[in-house]
Each structure stands twice: as C-alpha cells, then as structure tokens.
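Let the hints inform the model, and build the full structure from the sequences given.
What follows is the residue order along each chain.
Protein chains: 4
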Amino acid sequence: MKHIQEMLQTHPRSIGVDERRLAETIAALYECAQTCTTCADACLGEEMVESLVRCIRLNLDCAAICETTGALLSRRTEPDWSLIGAQLTACAHACKVCGDECRRHAEMHEHCRICAEACRHCEQFCNELLQSIPAHAAA
Amino acid sequence: MKHIQEMLQTHPRSIGVDERRLAETIAALYECAQTCTTCADACLGEEMVESLVRCIRLNLDCAAICETTGALLSRRTEPDWSLIGAQLTACAHACKVCGDECRRHAEMHEHCRICAEACRHCEQFCNELLQSIPAHAAA
Amino acid sequence: MKHIQEMLQTHPRSIGVDERRLAETIAALYECAQTCTTCADACLGEEMVESLVRCIRLNLDCAAICETTGALLSRRTEPDWSLIGAQLTACAHACKVCGDECRRHAEMHEHCRICAEACRHCEQFCNELLQSIPAHAAA
Amino acid sequence: MKHIQEMLQTHPRSIGVDERRLAETIAALYECAQTCTTCADACLGEEMVESLVRCIRLNLDCAAICETTGALLSRRTEPDWSLIGAQLTACAHACKVCGDECRRHAEMHEHCRICAEACRHCEQFCNELLQSIPAHAAA
Numbered sequence: 001m002k003h004i005q006e007m008l009q010t011h012p013r014s015i016g017v018d019e020r021r022l023a024e025t026i027a028a029l030y031e032c033a034q035t036c037t038t039c040a041d042a043c044l045g046e047e048m049v050e051s052l053v054r055c056i057r058l059n060l061d062c063a064a065i066c067e068t069t070g071a072l073l074s075r076r077t078e079p080d081w082s083l084i085g086a087q088l089t090a091c092a093h094a095c096k097v098c099g100d101e102c103r104r105h106a107e108m109h110e111h112c113r114i115c116a117e118a119c120r121h122c123e124q125f126c127n128e129l130l131q132s133i134p135a136h137a138a139a
Numbered sequence: 140m141k142h143i144q145e146m147l148q149t150h151p152r153s154i155g156v157d158e159r160r161l162a163e164t165i166a167a168l169y170e171c172a173q174t175c176t177t178c179a180d181a182c183l184g185e186e187m188v189e190s191l192v193r194c195i196r197l198n199l200d201c202a203a204i205c206e207t208t209g210a211l212l213s214r215r216t217e218p219d220w221s222l223i224g225a226q227l228t229a230c231a232h233a234c235k236v237c238g239d240e241c242r243r244h245a246e247m248h249e250h251c252r253i254c255a256e257a258c259r260h261c262e263q264f265c266n267e268l269l270q271s272i273p274a275h276a277a278a
Numbered sequence: 279m280k281h282i283q284e285m286l287q288t289h290p291r292s293i294g295v296d297e298r299r300l301a302e303t304i305a306a307l308y309e310c311a312q313t314c315t316t317c318a319d320a321c322l323g324e325e326m327v328e329s330l331v332r333c334i335r336l337n338l339d340c341a342a343i344c345e346t347t348g349a350l351l352s353r354r355t356e357p358d359w360s361l362i363g364a365q366l367t368a369c370a371h372a373c374k375v376c377g378d379e380c381r382r383h384a385e386m387h388e389h390c391r392i393c394a395e396a397c398r399h400c401e402q403f404c405n406e407l408l409q410s411i412p413a414h415a416a417a
Numbered sequence: 418m419k420h421i422q423e424m425l426q427t428h429p430r431s432i433g434v435d436e437r438r439l440a441e442t443i444a445a446l447y448e449c450a451q452t453c454t455t456c457a458d459a460c461l462g463e464e465m466v467e468s469l470v471r472c473i474r475l476n477l478d479c480a481a482i483c484e485t486t487g488a489l490l491s492r493r494t495e496p497d498w499s500l501i502g503a504q505l506t507a508c509a510h511a512c513k514v515c516g517d518e519c520r521r522h523a524e525m526h527e528h529c530r531i532c533a534e535a536c537r538h539c540e541q542f543c544n545e546l547l548q549s550i551p552a553h554a555a556a
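Chains as they are written, first to last, in this note's numbering: chain A, 1 to 139; chain B, 140 to 278; chain C, 279 to 417; chain D, 418 to 556.
Treat the hints with caution; some may be incorrect.
[To be verified] Computed list of lysine to aspartate or glutamate pairs in EDC-like fashion (alpha-carbon distance at most 16 Å, straight line):
1) A:K2 to A:E24
2) D:K513 to D:E534
3) B:K141 to B:E163
4) C:K374 to C:E406
5) B:K235 to B:E267
6) A:K96 to A:E78
7) C:K280 to B:E256
8) A:K2 to D:E534
9) D:K419 to A:E19
10) C:K374 to C:E395
11) D:K419 to A:E117
12) C:K280 to C:E297
13) B:K141 to C:E395
14) B:K235 to B:E217
15) D:K419 to D:E436
16) B:K141 to C:E388
17) B:K141 to B:E158
18) A:K96 to A:E128
19) C:K280 to C:E302
20) D:K419 to D:E441
21) A:K96 to A:E117
22) C:K280 to B:E249
23) D:K513 to D:E545
24) A:K2 to D:E527
[Unchecked claim] Cβ-to-Cβ under 10 Å is the rule here; a few derived chain C residues that face chain B:
25) C317
26) R353
27) S360
[To be verified] Pairwise CB distance ranges, derived in the manner of DEER restraints:
28) D:A523 to C:E328: 48 to 54 Å
29) D:G433 to B:E186: 35 to 41 Å
30) C:K280 to B:E246: 19 to 25 Å
31) D:Q426 to A:S14: 37 to 43 Å
32) D:D517 to B:M247: 32 to 38 Å
33) B:E158 to C:R382: 26 to 32 Å
34) B:E189 to A:S51: 51 to 57 Å
35) C:R382 to B:R152: 56 to 62 Å
36) D:R520 to C:E325: 51 to 57 Å
37) C:R381 to A:M108: 32 to 38 Å
38) C:S410 to B:K141: 23 to 29 Å
39) A:E128 to B:E158: 37 to 43 Å
40) B:S190 to C:E385: 55 to 61 Å
Hints in this document: simulated from the structure, not taken from any laboratory.
Where a beta carbon is used, it is the ideal one built from N, C-alpha and C, also for glycine.
The following block contains the structure:
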C-alpha cells in the first residue's frame, strides 16, 4: 500500500481522482487477485472437490479480472475514463458473484470465508471509485 | 482456430452458445491481445514516440482486457452469464476506444493500421456474442 | 499467424532473429495458453475430477507461463536476450511437464490428448528459438 | 501479507516450504508487478520519454513475469518443483535486469528509484526461496 501511494505521488501526470482512495482500490484489487488464485487452488486440493467446481471457476474468472483492472488503475497517463468505468463495472460484478459463491462454502472451508471477505472488500472499493471517477461513464 | 473448436467440442459440458461463433470470438480475442501487445511495443520503438503515448497506453489496456476476456470464454464449466456479459461489454468498449486511437495513426504507421483492424474485428465479435449469450445480461 | 508476421514486419526495430520462426513461436505460445486454459476447465467439468487435479494445476501454470512468454516475444524494442532466454527455458519446461501429464490422460479424455499435442508443439518451438537467439544466454 | 499467510494456513495441502517466507515472497512478487506496471506508465508520461524506452520495455516484461510467478507460488496443490524453480530463476533474473535499468534513472526520476528497490527486494526473495524449495531443481 505504501509503495502504491508513493508510486502514484511521484508519477509525472495528475488525474482528478483522490490518490489515497485510488491506492487503496489498487491494493484491494491485487489482494483479491491473489486470494482468489489461492482459493481456487485450495478448493482443488479439498477431498470434496466436486462440490466446489463452481467456486473454482468463479475464483479463476475473478482473479483474472481483478489483475487486469488493477493494471488499468495502476496507469495514470492518458486514461480513458469510460473504458476504466466499464472495466470497474465488470470487476465489481465479478467480485459480487465470486464472493457470493465463496460465502456458501464459508462454514465448511475457512479459505472460502477469507476469500468471500476479500471479494466483498474489493467490490466496495470498485463501486466507490466508480462514483468518483471523472465523467463517471460506465459502458 | 481449429484447435479452439476441437477443444470446445471435446469439453464434457455443453452450453447454449453456437460453438463455431464462440471459437471465432476466442480466436479474435487472443489475436487482438497479441496485436495490441506488439503495437504498443512498435509505437515505443518509433522515433516520434511522444505522439504515440495515448496509443501505447490504450494498447496495453486493450491487450490485458482481451486476454482476460479470452480466458473467460475459454471456460465452459459453470459459467455465470451476467459476469461474462459485463466483461464482454468492457472488452467491446476497449476494442472500440483502442481501435479509434490506432486509426488516427494508421496512415503514418502500418502497425497501427493493422492493429485498428484487429480491434474492430474483435469488437464486432464481442458485440455479436453479447447478443446471443443466454439471459444476455450485461452488467 | 498472418497478423503476427505482418505486425513484426512493420515494426520499426529490427532484431537478429528469423521473423517467420519468431511468428510461429508466438502463435504456438498463444495457442498453448488458450488450449491449456480450456483443458483445465474441461478437466474441472469431468465427473472424475479427483483424478485430474494435478492436470488442472499444471494446465493453469502452463497457461500463465505461455501467455507471459508470448508477450515478451511480441516485443522487439530493446530486448534483453538473457532475460528472454531464461523465460523461454522456464516455458519449454512448463510445456514438457504439462504435456507429459496431459498425455497420461489422453486415452480417457480427448481434450487432454489435444492439449498434450499443443504443449509438445510449443515446447519444440521454444527450444528451437532458444538455440537461435543472439548471445543465447539462458539464466 | 496477513491475508496471504491466512490463505496458506487454511489450505488443505501441505508442502515442505516455510509458510512465512513463502507468504513474504508472494507479497513481494505482487508488489513488484504493481510497481513495475506503474513505473512503465510513469516513464511513458515523462517529457523525456525517449530516454526511458528500455526502462518501459523491461518494466512491462518484469511485471508480467512477477504476476505469473506470483500465481504459481499462490498454488500449493500438486506443485512441480522443477517447474517452479525454472520460473523463479527467470523471475529473479527479470528483477535484476529491470532493477539495474531503473537504478540508472533513479536520480532523475523518483518512481524509478522506488521501482529499483521493489525489484531488488523481489529478486532477493526469489533467490532465497530458490535455495529452500524441495529438490531445488532449477531448469
């Protein structure tokens, strides 16, 4: 987090978005990507893997989407806000769908409980950033 | 393309989407990801790189989004169509924005002309698939 | 493939590598990434998923490594050949390990048979390119 | 970091690697991926972008390699240690090459100084983990 904010502060270009909020959202996105990657793998390693097939699939989708969205937000040069808005919308939706599925297994599998939290956390940051981006143009 | 269709045909799960159209869309997405990656790098290698800064940035965004969308469509097990719809919407938008920017440099740089075509091609496939997916629920 | 070669030919920078061979390797890498992504998902969709856990894991690793290696080779501006050599070495190894595992399931699952072929194909291209890159410095 | 360690601790499979060290390495990899992504973009946004072309290229390579390596280490089910070793070797090399280039611009650009540190930090963690993985088989 400290690193992310320092990098944004030393970036030559300025954009109309609160730097602290942006840094927190980027951190939440990379954390969610990592957590979903491990949750998919932990589910795959469980004895009852058949009951976790949908969870694994959504974890993989959510991890890829969070990574891509995190990369977009890590750039400040010549942003296209309508594009960033569309990707943030897809990402918030991925975090919701994946988080809901993880929550269904939360009592059985602690890794699903932690992952559901990471997804909810990330979903909230994406939605809040969506409200604050210039022009605020979702697709 | 042949490989993609064979893999879909031997997949144990069936989904309500035309297999040929799906395979063509996946091929367009991976091709667009590769083309945008090379176009960003070709722009970076030009003498007049300053005039191509926005093009490079959008190429990088579009490449990441196409790769992620291509991975989502490559999966058929337990798809969440509302999520796939939201990501396809973001991807079509990325291809539009990036293709428009590349077109502005098409007379000057042949790699931008080819990349603009790849983006337009991919945008069309994404939009057509959006019309045909079950429930057709964009975010 | 046609697109890849056109993009390389219109790139402003020249490197000391045969363009056709390079384009074929890039095509093999993106194809292998896509095939492994679908094979992981097809295995996940099988009734006997427990017997395919190792195959799924290696498919996911191989897909990520091929995508990254494909992106590296898609760039021609200021290449660091020792770095490209090290990544190609890791990629050839990933294709070998993943292909060997897929082959074990080839009689049972047609998608594993096709994926094993894609891996072997990609491994060969990586190894051949490794022999021809300037300085040829693996890590 | 806390999240990463919790996810590893609740994973059903055990591997012969110190959990804390593994979690620190994963954190360093995702941080380095994010930092390199922002450094490439910050360089692209500088007025003297021509002098930073090599830095941008290596930042993009290093970001992709760190992300892939981070995903591999985030999985504990059925690991292939020779493959992980080969990818860690490539990643340590990418961090070295990219960090060296960033350091050359560190006095001029603060974002390059921070990025050089993130690369060095990540390189050290990769090299240390390489010494401790079972069989310790680099490619």
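These are the hints, each one checked on the structure:
{"no.": "1", "hint": "A:K2 to A:E24", "verdict": "holds (10 Å)"}
{"no.": "2", "hint": "D:K513 to D:E534", "verdict": "holds (10 Å)"}
{"no.": "3", "hint": "B:K141 to B:E163", "verdict": "holds (10 Å)"}
{"no.": "4", "hint": "C:K374 to C:E406", "verdict": "holds (14 Å)"}
{"no.": "5", "hint": "B:K235 to B:E267", "verdict": "holds (14 Å)"}
{"no.": "6", "hint": "A:K96 to A:E78", "verdict": "violated (29 Å)"}
{"no.": "7", "hint": "C:K280 to B:E256", "verdict": "holds (13 Å)"}
{"no.": "8", "hint": "A:K2 to D:E534", "verdict": "holds (13 Å)"}
{"no.": "9", "hint": "D:K419 to A:E19", "verdict": "violated (24 Å)"}
{"no.": "10", "hint": "C:K374 to C:E395", "verdict": "holds (10 Å)"}
{"no.": "11", "hint": "D:K419 to A:E117", "verdict": "holds (13 Å)"}
{"no.": "12", "hint": "C:K280 to C:E297", "verdict": "holds (12 Å)"}
{"no.": "13", "hint": "B:K141 to C:E395", "verdict": "holds (13 Å)"}
{"no.": "14", "hint": "B:K235 to B:E217", "verdict": "violated (29 Å)"}
{"no.": "15", "hint": "D:K419 to D:E436", "verdict": "holds (12 Å)"}
{"no.": "16", "hint": "B:K141 to C:E388", "verdict": "holds (14 Å)"}
{"no.": "17", "hint": "B:K141 to B:E158", "verdict": "holds (12 Å)"}
{"no.": "18", "hint": "A:K96 to A:E128", "verdict": "holds (14 Å)"}
{"no.": "19", "hint": "C:K280 to C:E302", "verdict": "holds (10 Å)"}
{"no.": "20", "hint": "D:K419 to D:E441", "verdict": "holds (10 Å)"}
{"no.": "21", "hint": "A:K96 to A:E117", "verdict": "holds (10 Å)"}
{"no.": "22", "hint": "C:K280 to B:E249", "verdict": "holds (14 Å)"}
{"no.": "23", "hint": "D:K513 to D:E545", "verdict": "holds (14 Å)"}
{"no.": "24", "hint": "A:K2 to D:E527", "verdict": "holds (14 Å)"}
{"no.": "25", "hint": "C317", "verdict": "holds (7 Å)"}
{"no.": "26", "hint": "R353", "verdict": "holds (4 Å)"}
{"no.": "27", "hint": "S360", "verdict": "violated (19 Å)"}
{"no.": "28", "hint": "D:A523 to C:E328: 48 to 54 Å", "verdict": "holds (51 Å)"}
{"no.": "29", "hint": "D:G433 to B:E186: 35 to 41 Å", "verdict": "violated (53 Å)"}
{"no.": "30", "hint": "C:K280 to B:E246: 19 to 25 Å", "verdict": "holds (22 Å)"}
{"no.": "31", "hint": "D:Q426 to A:S14: 37 to 43 Å", "verdict": "holds (41 Å)"}
{"no.": "32", "hint": "D:D517 to B:M247: 32 to 38 Å", "verdict": "holds (34 Å)"}
{"no.": "33", "hint": "B:E158 to C:R382: 26 to 32 Å", "verdict": "holds (27 Å)"}
{"no.": "34", "hint": "B:E189 to A:S51: 51 to 57 Å", "verdict": "holds (56 Å)"}
{"no.": "35", "hint": "C:R382 to B:R152: 56 to 62 Å", "verdict": "violated (22 Å)"}
{"no.": "36", "hint": "D:R520 to C:E325: 51 to 57 Å", "verdict": "holds (54 Å)"}
{"no.": "37", "hint": "C:R381 to A:M108: 32 to 38 Å", "verdict": "holds (35 Å)"}
{"no.": "38", "hint": "C:S410 to B:K141: 23 to 29 Å", "verdict": "holds (27 Å)"}
{"no.": "39", "hint": "A:E128 to B:E158: 37 to 43 Å", "verdict": "holds (40 Å)"}
{"no.": "40", "hint": "B:S190 to C:E385: 55 to 61 Å", "verdict": "holds (57 Å)"}
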